[in-house]
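Student: Turn these sequences into a full structure, and let the hints steer you where they fit.
Count the sequence shown with the numbering used here and you get residues 306 to 596, in order.
Keep in mind the hints are simulated off the structure, nothing from the lab. Be a bit skeptical, because a hint or two may be false.
When the alpha-carbon atoms are kept at most 16 Å apart in a straight line, the in silico EDC-like pairs for lysine to aspartate or glutamate are as follows [said to hold, decoys possible]:
(1) Lys383 <-> Asp416
(2) Lys359 <-> Asp399
(3) Lys587 <-> Glu566
(4) Lys383 <-> Glu346
(5) Lys360 <-> Asp399
(6) Lys491 <-> Asp399
(7) Lys587 <-> Glu567
(8) Lys389 <-> Asp367
(9) Lys360 <-> Asp374
(10) Lys469 <-> Glu428
(11) Lys383 <-> Asp344
(12) Lys494 <-> Asp553
(13) Lys389 <-> Glu348
(14) Lys469 <-> Asp442
Simulated restraints, written as ranges between beta carbons of each label pair [to be verified]:
(15) Glu514 <-> Glu428: 21 to 27 Å
(16) Arg333 <-> Glu453: 47 to 53 Å
(17) Pro533 <-> Asp331: 18 to 24 Å
We put the beta carbon where it would ideally sit given N, CA and C, even for glycine.
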Amino acid sequence: VWGVIHPPGGQRVITCSLDGSLRVWDLRSGKQIGADWRDGEKETNSIALSPDGKKVVSGSSDGVVRLWDIDTGKVIVKWTGHTKDVSSVSWSRDGRCVLSGSWDGTARQWDVESGETILKPIETGHNQVWAVVYSPDMTLIATGGWEEPLIGKPEYSVKICNTKTGKLVATLKGHTNAVTCLAWTKDGKALISGSWDNSIRTWNTTKWEQTAVLLEHIYAVYALAISPNGCILASASRDHTARLWNLDNGQPISLPLQHAEEVNCVSFSADGKRLATGCDDKNAYMWDIAE
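Tutor: Here it is as structure tokens:
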């Protein structure tokens with residue numbers, strides 16, 4: 306299970322998996338609601354819920370970005386152009402645009418209403434893009450991945466680009482392996498990155514300086530999520546745990562949430578009282594974190 310989201314109402318979650326499906330689950334019974342959502346045979350790597358809760362966007366290994374209607378479970382539109390796996394998808398806060406990142410090294414923006422691509426593909430400078438996210442004010446795009454120059458050592462950075470022009474604004478260096486996930490704080494003042502180097506790093510967005518390094522995970526960090534109130538960070542890791550962090554001081558809030566296998570994704574419910582995780586054991590889990 307590589308993606309998990311909470312649609313409105315608080316009684317369901319939607320997951321995506323490398324088996325190529327999206328599935329809706331009833332939280333009370335734990336059972337699947339309706340049939341699988343399927344379109345094509347390739348793995349589904351990433352999903353994101355629209356701000357209005359009515360649509361889901363997914364990224365797949367066939368290079369296609371798909372927009373789904375949450376009520377029907379059917380594809381509304383397919384966006385093509387990426388030449389390799391789509392690793393990450395993200396919505397703009399106003400719900401008008403979708404951002405996708407791919408192992409082809411580009412990020413693309415899509416106009417949800419017209420179905421057209423916005424600008425040209427953004428050549429990020431990464432060999433592979435693993436993570437993409439819009440800033441809360443939608444003026445900036447952050448991408449994470451890795452770069453392998455023709456001469457010299459590989460580099461592992463976060464790139465900041467202007468949304469309207471696609472031009473590079475800043476390059477954030479500090480990670481020592483591929484940057485796999487990104488989260489922007491609600492107030493826009495900090496960007497958080499997770500990496501194959503086992504670390505989580507926070508960066509201020511005024512001077513683009515690193516402000517903290519969180520080092521509790523012992524293997525790669527795969528996913529990040531910020532609680533609705535903006536106070537808690539959740540992380541998912543290859544070390545078979547998910548963790549909760551106090552964003553104010555960077556300290557762990559609780560003991561690690563142990564899983565049987567690698568944890569690939571995390572997502573908060575709208576009220577912030579529950580955390581969903583997706584695991585390599587083919588299951589999704591719901592955790593009560595209200596305490």
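Student: It remains to establish, for every hint, whether it holds in the given structure.
Tutor: Going through the hints against the structure:
With a CA separation close to 12 Å, the supplied pair lysine 383 and aspartate 416 stays within the 16 Å bound. Taken as a hint, the lysine 359 and aspartate 399 pair is honoured in the structure, with Cα atoms around 13 Å apart against an allowance of 16 Å. The straight-line distance between the Cα atoms of lysine 587 and glutamate 566 is roughly 9 Å, inside the 16 Å bound, and the hint therefore holds. Taking the CA atoms of lysine 383 and glutamate 346, the gap is about 14 Å. The hint holds against a cut of 16 Å.
As the CA atoms of lysine 360 and aspartate 399 are separated by approximately 13 Å, the hinted pair is consistent with the 16 Å bound. Restraint check: the Cα-Cα separation between lysine 491 and aspartate 399 comes to about 14 Å, which is no more than 16 Å; the hinted pair holds. This hinted pair checks out: lysine 587 and glutamate 567 have alpha carbons roughly 10 Å apart, not beyond 16 Å. Our distance criterion of 16 Å between C-alpha atoms is met by lysine 389 and aspartate 367, whose separation comes to about 7 Å.
Distance hint between lysine 360 and aspartate 374 is fulfilled; the C-alpha atoms sit about 5 Å from each other, no more than 16 Å. With a C-alpha separation of about 14 Å, the suggested pair lysine 469 and glutamate 428 falls inside the 16 Å cut-off, and the hint holds. Straight-line distance between C-alpha atoms of lysine 383 and aspartate 344 comes to about 10 Å, which keeps the hinted pair within the 16 Å bound. Between lysine 494 and aspartate 553 the alpha-carbon distance is near 12 Å, which keeps this suggested pair within the 16 Å criterion.
For the given pair, lysine 389 sits about 12 Å from glutamate 348 by alpha-carbon distance, which is consistent with the 16 Å threshold. For the proposed pair lysine 469 and aspartate 442, the alpha carbon gap of about 12 Å is at most 16 Å, so the pair holds. Judged by the Cβ atoms, the range 21 to 27 Å given for glutamate 514 and glutamate 428 holds: they are separated by roughly 25 Å. Distance hint check for arginine 333 and glutamate 453: the Cβ-Cβ separation is about 48 Å, which falls inside the suggested range of 47 to 53 Å.
For proline 533 paired with aspartate 331, a C-beta distance near 22 Å keeps the hint of 18 to 24 Å intact.
In terms of the numbered hints stated before, the structure departs from none.
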